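S.K.: Going down the list, the protein sequences come from chains A and B.
When we follow the working numbering, the leftmost residue of the first sequence carries the number 1, and every step to the right adds one.
When we follow the working numbering, the leftmost residue of the second sequence carries the number 1, and every step to the right adds one.
Quick caveat, the hints were computed from the structure, so don't treat them as lab data.
What you are looking at is a predicted structure, and each value in this text was computed from that prediction instead of being measured.
All C-beta atoms in this analysis are idealised placements derived from N, C-alpha and C, irrespective of residue type, glycine included.
One should not assume that every hint holds.
Stated by the list, open to error - Which residues of chain B face chain A? A partial, calculated answer using Cβ under 10 Å:
no., residue
1, T34
2, E63
3, S65
4, V268
5, L309
6, L343
7, I363
8, G371
9, G375
10, I378
11, H402
12, P404
13, I424
14, E426
15, Y490
Each chain, letter by letter, is given below.
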Amino acid sequence: MKHAADLLYRVTLVICIALFGVMFAAQIAIVLMRYVMGVGFLELQDMVTYSFSALVVLTIPLAAGMDRHVRVDILRSRFSNLTNHRIDQWGHVLFTLPVFGLMLLNAWPLVSASWAIFEGSRETGGLPGMFIVKSTVVVMCILVLVLGVIDFFSDGRGKPPGAEDAGLPESGTARKVREQ
Amino acid sequence: MSAELIWLLVMTAALFAGILSGLPVMLVIAGVPTLVAVFASFVGHFDLVYFQAVPQRVFGVMENSLLIAVPLFVLVGVLLDRSKQAERMLTNINRLFGGTKKGLALSVLVVSALIAASTGIIGATIVMLGTISLPTLLGAGIDKRTSSGLICACGTLGQIIPPSIILILLGDQISNAYVTAQQNAGNFAPDPVTVSDLFAGAMLPGLTLVGLYALYVLWQLRAKAGAPVQVDADIERPPKIPLTEVASGILPTLALIVSVLGSILLGVATPTEAAGVGVGGAILVAAAQISPAMKRQALATVGLALALLAAAAAGWVKVDFSAGALTATPGTFIASGLVLLTLLGLARAAVALTRSGVLVPAITETLKVSGMIFGIIIAASILSLVFRGFNGDDMVAEMMHHVPGGAYGMLVVTMLVVFLLGFILEFVEIIFIVIPIVGPVLLMGDIDPVWFAILFAMNLQTSFLTPPFGFALFYFSSVSPDTITTGDIYRSIVPFVIIQLLAIGLLALVPGLATWLPSVLF
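Using the sequences and the hints, build the whole thing.
M.R.: The structure is reproduced here in structure tokens:
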């Protein structure tokens, strides 16, 4: 179980890093070509948008796997690990399951409709493959649900899958509060 | 009391309970409304059909090209931090101004303002200032209260000094709310509000804050009458070093900041384009640290890019596209070859940076921060959907119209609510929850959207500084030595909170501070 979570996290991370690389490379190419030569390519613009779109949803399970979504730790820091794990378990049942379950259920028809016509770019002359980008929403829901189930059945003592990557500076989160 | 109102009250109470339980805020913001809606649907008070709009909203966030700038700017900050470039800038400016207490304190202020402009991540800035500047400040005999207060306050400057993430997100939400509000009021062609407007609008208020902090620190450290003046001699004078070395520590980062910010403010580039260039620049600056050879190569790449841009501005390399097809003149080939060379230079720098183990962890960190932000944006959209499903938007509009003082009364109430929310929520949640609810009502009148946005941002910044729940204070206490107690930190921040309130008051009375620069530039 722990291994499965680790593996999922690693694969998502590698995909996200690759997408980020593509997004940045295409963006810088766009800037150079536009400002130096005055030309633009819709395909490149779509490449940036597509990579970004996939990143928006795929980084969510990544942050979840890392336990990096913001928590308010005013009380959490005073509870025992076991209590906090129980709270997390309740959170998975009460919140993770309905939110991402409903999202999956409602996204499914939209995504399959997109596959049915092999939906392409909004712009004429853009890149094909919009249906793959839209599918990432389904992938995200499944990933979050699977990671949630794995965490639900864990004993709560293990580190989150990507914990070894966590280092200072931790930005934008309230985690510091917990570590006091 | 209507059934809807009761459900909304239940939802609000459950939201607070959920947030305090320590569950991820994103999960609570999405989960509580979902659960309440499901229960309400059992008794026929809510139609779950509303949830069919959720994937559409997710697609909407995915296709929002404005948000592309967010991960890029985050990476600029993380790279400058991880490659120790920000740290080098701090030590070098210390050397430049150092020697006296005032100089030291001011150098911390100047560096924070610059770092704020380049990263805009509160946590990272405070941790860095706390670990590097605090010992220097204390060692120079500046009392712990002034030092702690200064560092906490400076650390939050990144929220207000552009290019900041907070302003990008605000720009997105404010422009939506403004268009809706104006259309409801019967104006079908409102001037759009852009992120660049907000960046320009935040410049003067941000600099005013820096100025006020500086005045306070100078006043606090003034030579006390009758006190021996020899204190300065105690300070360990930094060893004399050649000016060129100081310059090489400061200039690259400074140039990067100026060019990114400048190109946005002058309207040359969009924030996304500027952010892309910012990442490229940060990669080159960071790679230049690896070896002298890499430094030469980075310089050559920058030089080539600048030369190309200059040549383009002079009209030498423009490709003739008017005929509808690329006409391959020798000039075109040379230009594309040089562009390719620039890209290769950048790629080599990126590879070198990956080998030295900086780039991949920096991108990983960026992805996590972005995931956190996007998660909250999506969660908040679920919350506002359910809120609307219970007619909460009409209730808020109704309530706001009963606030005495008209539009300005509403503004004051909104500001108070935001300030209080700032104690338990992060800025992303607050922006994406509050603006869609109050924005369309508030911006119907003649309240300037840019002015409102900057007031909002400054208000949030203040609330992060205010005890007992200020995020900035939490970050600081995690890196400060044990001799500085929580009580010390709380007391140290009071003067700065007063300065913040003064600045907010000033901005409230003189909207021109925020609206003048955008009106001149755009």
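S.K.: Determine which of the earlier numbered hints do not hold for this structure and return their numbers in increasing order.
M.R.: Structure breaks hints 11, 12, 15.
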